[in-house]
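Peer 1: The hints should help you fit chain C with the ligands onto chain P, whose structure is shown.
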Amino acid sequence: MSDLLAARAQMAMSLAFHIVFAAIGIAMPAMMTLAEWRWLRTKDDQYLLLAKRWAKGTAILFAVGAVSGTVLSFELGLLWPGFMEWSGPLIGPLFALEGFAFFAEAIFLGMYLYGWSRMGPWAHLTAGFIVTMSGIASALFVVTANAWMNVPVGFELADGQPVRIDPLAALRSPHAWHESFHMILAALAATGFLVAGIHAFLLLRRPGDRLHRHALGIALWVGGMAALLQPVSGHLLTQSVAHDQPAKLAAIEALFQTQAGAPFHLGGIPDEETGTVPYSIEIPHGLSLLLHADPNATVPGLDRTPRRDWPPVAVVHLSFQVMVAAGFVLAGLSLWCGWRWMKRTPLHEDATLLRSLVVAAPLGFLAIEAGWTVTEVGRQPWVVYQLMRTSEAVTPMPSLWVPLATFTLVYGFLALTVVWTMWRHIAGTAEHRRMESHAGP
Amino acid sequence: MTMTDLELLLSGALLIALTLYVLTGGADFGAGVWSLFAAGPRATEQRRVIDRAIAPIWEANHVWLILVVTVLFTAFPAAFAVISTRLHIPLTLLLLGIVLRGSAFVFRTHDPDSDPYRAERHSAMRFWQWLFGLSSILSPIMLGIVIGAISSGRLDREAVGLTELFVRPWLAPWPLAVGGLSLALVTFLAAVYLTVEAADQDLKRVFRLKAAVSWGATILFGIITLALARREAPAIYQGLVHTGLGHVLIGFTALAAMASLVAVRTGRDRIARLAAAAVATGILWGWASVQYPYIVAPSLTLFDSAPPGTMGLLLASLFLGALLLFPSLYILYRLFKGSRVQDGPDT
Ligand code: HDD
Ligand code: HEM
Ligand code: HEM
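As you go down the protein sequences, you meet chains P and C in turn.
Letter 409 of the first sequence, counting from 1, is numbered 409 in the numbering used here, and no numbers are missing.
Letter 192 of the second sequence, counting from 1, is numbered 192 in the numbering used here, and no numbers are missing.
This is chain P alone, in the form it adopts within the complex (with noise of 0.2 Å):
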């Protein structure tokens, strides 16, 4: 293996690992402090008792979202010491003020996980929102320092150094805006869907339980928001990307040939020799249709890009796919619920939306994952979207592959603990909930 290739996937696995832990960190502090104000408005126990058990959970991911995170903060320097060099005086400042917004985290995080009896109800509720706005303005930050390494804007170049820098300019481009809603969207809709499928699975053993009635009501109040917003929101973002990066436009959409009425491919496994789209399904006009809201427009393919600056254009398309394919799914049961609402059904009752929240429940950090991949793999070869190579950043530290090796073993590990922990934790619930149920007169 390669160095470059090395420290490429480190990066990818790094990230990968922490952007789980990172929507969770963005949706959880919601759900429990909505509980909690249920709690507070209904005096309904129940409420109390889910938010501090969300809590207690949240606890363990929050430890292990902030310490991958610390790993990913040494890591830009040790993985890529060209690219920090270059960029850290002009997203540097975002990373200064996501530090900020870690600190408010992390401080308001531990009154709300450790002050339940030390803080009034009200200035415990506080905490919480704190730490709910705090994790929606980190993701804002980091995510603009992101669509600043796709859309480089705010600085002038001589001689290849930039000059005339404006460090708030990566804060007022479009592209920023709409990736950090549509990521922060995501950690909502992920996290809603994973904690509405989990409550689902304990309500089918337990029917009629009022926990998890609650909990699945929560869940799916914010899961199913943000699920409908999300085409919406990635709509605008393929728009941006169309605007400002055409050539993973070209293989988001395995656009080999520039063309006007250009189709939608559906499906299919791009082949980059033959620029064809083998076993795909085309619906013609439909990219041009989506993109500028005329079936004529042209929109550019890979052609109008040199061979060598081409991203792994399969990868790419079919990451993209499996996004979007999530994408509909959760949108279509956040409508069969809210349909189910309208007609005031209880939803808890209806074994098939259940089972169907259940198998859907993984949906959303699938989607999560295959969306970081487009954005990311979609950028290839350039880690400054045509200003800096991925291969002019890497470290010339050797044997690259020990630090891999060793940080997937450890992650690898700690991924399996944290599942078996959770799964324990939930178990212990439903262990606990059966025996106070017991215990009544």
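What the hints contain is simulated information worked out from the structure, not anything from laboratory work.
Some clues are possibly wrong.
Unchecked claim - The list that follows gives simulated cross-link-like pairs (lysine-lysine, DSSO-like), each with its CA atoms no further than 30 Å apart:
(1) P/Lys56 to C/Lys337
(2) P/Lys52 to C/Lys337
(3) P/Lys343 to P/Lys56
(4) P/Lys43 to P/Lys56
(5) C/Lys204 to C/Lys337
All of these numbers come straight from a predicted model, not from anything done at the bench.
Peer 2: Chain C with the ligands alone, transformed into the frame defined by chain P:
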């Protein structure tokens, strides 16, 4: 504000963030070391005090390190690139320590269905405990080694070959001695803080004894480090031993060290805490002021910085951030570090 002002202010901010990290996050590692070495009939109680002391705050304390890294790569990107390239190995080990420490701690203290202390004989619990303790030893050593390597002027020498480039800069007597000093220092800080945290007199005595022992280790490593500096880090030695500023700094640190020992021995725990923090601050600021103006000696100074637009914005964000941060930290510490009764996470 001129560029030089910005550079001085931001390197000052960097030093303050590093100091706060050592005083808070460093002590959390030290507490992990004491958790590993908790022995005797009241070992479980000792661990309980340690866990309760760090659980609500360690994640907030840890963010100081992230702030150090971000300020470094934003304001001094060239130094960041050199440091993270040449010190890849110790930094990676530092990260492993950070990851394992944090995870082991939450897995141990948030085990879902049992009281972790009752389950101490349980093999999984014992495993997390070991991992927590060992990674708490690894991380401060590596942080010290990194600081030692940066300050001894080994990073920027022209070099060829794998070992010369990536191993020799840190696998040398001086950086190793600084690693030892750093470990001794954080265990000392932790033991002193824990004398305040412990509720009953018996435990307070246990932690005072630990504080005295780690005080000895700190002084020992301090002397070794200084002695080795003569040959291994001549610029640092020169600055500390042959300048007026150096004498003042050594004098201050020595006084604080004596005061902390006296306070520990006489049971004035809060004064001891203040004096111990002064020792750590004295060591860090002493190092920084003799290294001035270099960030990576002998070629990168703090004037090799980012353009003024970035520096100004960074300073403004640090200032605004601090306005929000310090009151929040104050509330956090008030809630959990008062003289109130300690209780664990509610379930
Ligand atoms: C629950 C997760 C989820 C769902 C349902 C969707 N996405 Fe997505 N998508 C993400 C989660 C995600 C992500 C993982 O969060 C990404 C990676 C970068 C980003 O900001 O969001 C992303 C990136 C991403 C990109 C690449 C942006 C870039 O490279 O700059 C595009 C074009 C889309 N999405 C488009 C869509 C469309 C048209 C969807 C239609 C349903 C959709 N996404 C659903
Ligand atoms: C889209 C990508 C990302 C999102 C949405 C995101 C979001 C978050 C969130 C919400 C947290 C809070 C902790 C948690 O919830 O577990 C977190 C932690 C962290 N992230 Fe990320 N992150 C992303 C990528 C990155 C990257 C690329 C870096 C490195 C530069 C990074 C560095 C960190 C650090 C250092 C922490 C720990 C903060 C603490 O100690 O509390 N993150 N991230
Ligand atoms: C928002 C913060 C993020 C930042 C600042 C960031 C930064 C980077 C950098 C510097 C690289 C290496 C250079 C390159 O290959 O272009 C990289 C590669 C990569 N990242 Fe990200 N990333 C972010 C989020 C994510 C997330 C959340 C994922 C989740 C899966 C991800 C997946 C990848 C992959 C797969 C690669 C390797 C691409 C390849 O080499 O083919 N990234 N990222």
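Peer 1: Does each hint hold? Answer for all of them.
Peer 2: Each hint tested on the structure:
Pair hint P/Lys56 plus C/Lys337 holds up; C-alpha atoms about 21 Å apart against a cutoff of 30 Å. Of the pairs offered as hints, the one joining P/Lys52 and C/Lys337 holds, with about 23 Å between alpha carbons and a cut-off of 30 Å not exceeded. For the proposed pair P/Lys343 and P/Lys56, the alpha carbon gap of about 35 Å is over 30 Å, so the pair is violated. Simply put, P/Lys43 and P/Lys56 have alpha-carbon atoms about 21 Å apart, close enough for the 30 Å limit, and the pair holds.
Our distance criterion of 30 Å between C-alpha atoms is met by C/Lys204 and C/Lys337, whose separation comes to about 16 Å.
In summary, the one numbered hint that this structure violates is 3.
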